[in-house]
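> Listed below are the residues making up each chain.
Number of protein chains: 2
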Amino acid sequence: MSHFTPTDLTRVRRVAQRANYDQATVHAIVDHAWICHIAFSLDGQSHCIPTAHWRVGEAIHIHGSNGSRLLRALATGIPACVCITHLDGLVLARSAFNHSMNYRSAMVYGRFAPLTAAERSASLDAFMDKLEPGRRAQVRMPDANELAATTVLALPIIEAVAKIRQGPPEDDEADLSLPVWAGVWPLETRFGEPITHHASAALA
Amino acid sequence: MSHFTPTDLTRVRRVAQRANYDQATVHAIVDHAWICHIAFSLDGQSHCIPTAHWRVGEAIHIHGSNGSRLLRALATGIPACVCITHLDGLVLARSAFNHSMNYRSAMVYGRFAPLTAAERSASLDAFMDKLEPGRRAQVRMPDANELAATTVLALPIIEAVAKIRQGPPEDDEADLSLPVWAGVWPLETRFGEPITHHASAALA
Chain A
12 MSHFTPTDLT RVRRVAQRAN YDQATVHAIV DHAWICHIAF SLDGQSHCIP
62 TAHWRVGEAI HIHGSNGSRL LRALATGIPA CVCITHLDGL VLARSAFNHS
112 MNYRSAMVYG RFAPLTAAER SASLDAFMDK LEPGRRAQVR MPDANELAAT
162 TVLALPIIEA VAKIRQGPPE DDEADLSLPV WAGVWPLETR FGEPITHHAS
212 AALA
Chain B
12 MSHFTPTDLT RVRRVAQRAN YDQATVHAIV DHAWICHIAF SLDGQSHCIP
62 TAHWRVGEAI HIHGSNGSRL LRALATGIPA CVCITHLDGL VLARSAFNHS
112 MNYRSAMVYG RFAPLTAAER SASLDAFMDK LEPGRRAQVR MPDANELAAT
162 TVLALPIIEA VAKIRQGPPE DDEADLSLPV WAGVWPLETR FGEPITHHAS
212 AALA
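Chains as they are written, first to last, in our numbering: chain A, 12 to 215; chain B, 12 to 215.
Isolated chain A, as found in the complex:
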């Protein structure tokens, strides 16, 4: 089992028992999400942008049009911070103060770098495999123009930390006898019924 080394940026100071530097734990949180939020600063202004991501080995990959401001800014190698958060439940305690949330979050600090044309194709294949294994064999794969119009950036998952809270509320002992329901409302994200798109509708 491999662990990340805490740094000034990733050392969790508050409620430090929620910190987790296990590589497999961070990777699982990254892999379980379809989108991340990326913080970066341009001309003194901070931005927080959501975008799709996938993991290739020990890096987070993102993509978009060559014209995207997000990608053009990040491609210059400015400091970035990627955060992925799964909200697993609301934690209802017997006192207002002890209410909490169950979650798994991963935070990765670093700088993105663009993939070369040769690397892009394999990375986009990995993205398609994440969406649906086997789908690559069915869809029309990118042609040269589409590939050339797409930027893919990679961020090494090295300066990284997970923060996790799970379990019941933690009430003060004096509050345990209060006549109020306490516990967890789990939150689940799942797929609903697929909505088929018929070619005839597109041509209509």
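Heads up, some of the hints might be wrong.
Taking CB as the label site, the calculated pair distances span [stated by the list, open to error]: (1) A:N77 x B:A155: 51 to 61 Å; (2) B:V191 x A:A124: 26 to 36 Å; (3) B:A129 x A:V191: 18 to 28 Å; (4) B:R146 x A:A159: 54 to 64 Å; (5) A:G88 x B:A210: 50 to 60 Å.
Honestly, the hints are just simulated from the structure, not real lab data. Ideal placement from N, C-alpha and C gives every residue a C-beta, glycine not left out.
With chain A fixed as given, assemble chain B onto it according to the hints.
Relative to the frame of chain A, chain B by itself:
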């Protein structure tokens, strides 16, 4: 119906038809989420931090311990960007290039300011009402020490924009005859069965 005025920060340049400056639309996206991601920069380093939020009128509120680095930094009024994203589905097209995602995101730029002690209590009441209307009448409300230990910050929702994509894949016409399933896999977040916490378990 009230609309936000696009600024240099909130004017959506790419796929501009996805932009929405309607106040009610932005508020609905904010209200539908339990957590937001906040980007800010300290000493040249960008941070992206997830935290619980709620809306009070025309402001986003967040809270935490007085000792929180996040809150202490934001309380100084540095530029911040809050993003809230709901991922509503994966959009599977007939070509790899036209795959997409359905989502509703809201982005708010601005500076947080701390609430006064007198304002804090009403704000935290609003947070509890968001969690469960009526719950305030049941739980033990914060005592003076708990209130004094809590920082609440407010960010005006003025420089704001929503970005929304909904609907089926948009394939190139030449791809419509390809023998591959296309459509949307909707993603839903819902509550599972509540998990009751028994006081006896806490005392055991």
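> Could you run down the list of hints and mark each one as holding or not?
Status of each hint after checking the structure:
1. A:N77 x B:A155: 51 to 61 Å: Holds, since A:N77 and B:A155 (Cβ atoms, about 57 Å apart) stay within the stated range.
2. B:V191 x A:A124: 26 to 36 Å: holds, 33 Å
3. B:A129 x A:V191: 18 to 28 Å: holds, 27 Å
4. B:R146 x A:A159: 54 to 64 Å: Distance hint for B:R146, A:A159 holds at roughly 55 Å.
5. A:G88 x B:A210: 50 to 60 Å: Given range 50 to 60 Å: holds, Cβ gap about 54 Å.
Hint compliance for this structure: no hint is broken.
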